[in-house]
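Could you put the whole structure together from the sequences, leaning on the hints where they help?
Residue numbers (this note's numbering), protein chains in the order written: chain D, 1 to 512; chain L, 513 to 604.
Calculated directly from the structure, the hints in this document are not laboratory data.
Possibly wrong hints are sitting among the right ones.
[Said to hold, decoys possible] Taking beta-carbon pairs under 8 Å as the criterion, some of the chain D residues facing chain L (in silico):
{"hint": "1", "residue": "Thr155"}
{"hint": "2", "residue": "Leu436"}
{"hint": "3", "residue": "Thr441"}
{"hint": "4", "residue": "Val505"}
Model, not experiment: these values are computed from the prediction.
By construction, the Cβ of each residue, glycine as well, lies at the ideal position given by its N, Cα and C atoms.
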Amino acid sequence: MTGTLFSKADKDIEINKNNDCNDLQCEEFEETPLYAAVLTYLSYAILCLFGWLRDFLRQSNIEKKRGAVDPNASLGFVPLYQSYESFYTRNMYTRVRDIFNRPIASVPGAQFELTERMSDDYNWTYRYTGRTISAVNFGSYNYLGFAERTGQCATDAINGLKSYAVSSCSTRSEIGTQRYHVELEQLLANFLGVESSIVFGMGFATNALNLPAIASKGDLILSDEMNHVSLIIGMRISGASYQTFAHNDMNDLEAKLHAAIVHGHPRTNRPWKKIFIVVEGVYSMEGSICRLPQLIELKKKYKAYLYMDEAHSIGAMGKNGRGIVDYFNVNVNDVDILMGTFTKSFGSAGGYIAGRKSLIDHIRIHSHANTYASSMSAPIVQQIISSLRLLSSPEGKKRICQLADNARYFRRKLVDMGFIVYGNKNSPVVPMLLYLPARVTHFNREMLRRGIAVVTVGFPATKLLEARVRFCLSAAHTRPMLDAALAAIDEIGTDICLRYSSRHVHRRLKDL
Amino acid sequence: MTLNDHPTFLRHKLSYTYKNCHWKTMLSYIRRFFKFIHWLYLQYLLNTALYMLEPWERLLFSTLLFAILSTALYSALVFLPHHVRSMIQFYS
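Now the structure itself:
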């Protein structure tokens with residue numbers, strides 16, 4: 001794990017030339033080193049072998065079956081569970097289940113409490129000891145630090161609760177539209193600089209139930225390959241045809257747009273009724289940012305509609321926190337449909353869609369989420385209203401600057417130490433690659449032992465080779481907290497050899 | 513009682529710490545060696561995913577691996593000299 005052959009200056013120039021770096025779009029995705037790929041495949045092969053052995057022991061009743069068991073298997077019914085699909089869950093996920101889905105016992109701010117749990121039978125069952133572990137939180141999407149029990153937003157939410165109680169007991173289209181919904185929608189439209197907006201109670205449902213309202217059979221949807229599941233489910237429910245283009249690859253997208261317009265439907269060659277391009281602002285697993293200027297150029301050239309999901313970028317990116325449109329300084333009317341969620345930067349829950357008034361009026365009538373889901377609860381809406389108001393004030397600007405500073409500092413330090421970190425250098429999501437499943441587990445447990453709670457993600461959520469740890473930075477993280485995390489990462493990274501990068505020199509934190 | 517009343521005290525103290533220093537560095541070397549062995553064992557566990565398995569599975573895999581490697585090593589030690597010699601004879 002020593003230094004590389006080239007000097008640092010040469011390396012930087014090489015990176016700049018390869019990665020289209022004009023400082024806003026400076027992204028880096030280093031390739032997997034060969035030895036890491038080989039060791040990862042070897043690990044999964046050994047885990048598979050032992051999985052087959054354990055499954056055989058369970059099947060032949062030498063060992064007790066602990067997972068879900070079909071109760072009527074012997075009576076000749078059609079099997080209830082696909083046993084091969086849960087092979088991974090039984091034999092690889094459950095062995096290390098204690099690093100995932102940890103229950104927390106306090107508000108998920110920068111420092112929080114995790115419940116301590118012990119397992120006597122290798123993570124099949126847990127018992128809670130009753131104690132809590134205090135840890136620094138690098139897993140919550142608390143980008144602007146609004147997840148706090150005290151302060152202006154919390155007081156406003158409590159007052160909202162006292163005035164309006166919890167539930168509105170109806171849908172938006174019947175009698176569930178309250179004053180605060182109208183106020184929130186107007187405030188949001190002014191904040192984003194669009195004509196109108198509409199809010200929903202759940203961020204996932206905003207995507208899944210509104211794509212069917214705007215796209216239907218006979219349309220084409222071109223979506224990025226790394227899009228979130230909510231967008232994919234929305235595309236499938238809508239009945240439109242969809243194709244994926246390579247992640248952030250504008251040449252591939254242009255080729256597909258060109259082919260779609262020239263050839264039309266696959267067999268009948270009828271022209272497509274509408275063509276949508278669905279992208280996300282910040283991709284949470286990669287840390288990359290969509291190439292908005294090129295997308296708008298393509299959209300105008302080929303007359304397609306652009307749907308941008310700003311779940312992770314609203315509030316967190318841009319000078320004024322207005323998202324990717326603000327970050328690239330483009331005209332907000334060029335993006336046809338702006339979607340976002342309130343869960344991440346605003347410390348609340350729910351989602352919104354913003355755009356032209358005609359679009360929003362259409363969605364108000366045709367969306368299932370508006371007609372059938374009950375409207376948002378009062379304290380939740382009040383939290384969003386007060387955090388939106390706070391964002392325009394000097395304190396909000398301070399939070400945005402603090403987040404940008406934290407993101408750049410943390411990322412710069414990790415890259416300089418020699419770890420492989422994906423994504424844009426300004427994004428608040430920092431995915432660091434760990435590759436081997438055992439190293440992922442060990443890293444997570446060691447970080448918790450040092451008082452830092454991180455979220456590690458492995459196979460079904462990411463590709464098989466690219467297991468990673470995803471740090472979500474927050475404006476509530478102070479510089480000492482980041483330094484403590486960096487010291488812990490440095491120590492563990494040296495201990496289990498996590499410095500995979502061949503583009504950057506490997507260094508200890510004390511040498512930086 | 514001051515230090516000057518016991519002129520041999522300082523010399524005894526110095527000689528005592530000198531011997532102690534010797535033992536301490538040897539002990540620290542042994543401790544560092546054991547830590548290194550423990551680190552190597554951890555690397556073996558992590559790189560082969562045995563870290564995620566139960567103790568009896570680790571024992572089973574390690575036993576099998578040791579059996580295969582030792583058989584290969586023994587065969588090499590027994591047969592290689594003869595094979596190499598006959599190869600040299602064949603090609604010369």
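Violating hint indices (sorted, rising): 1, 4
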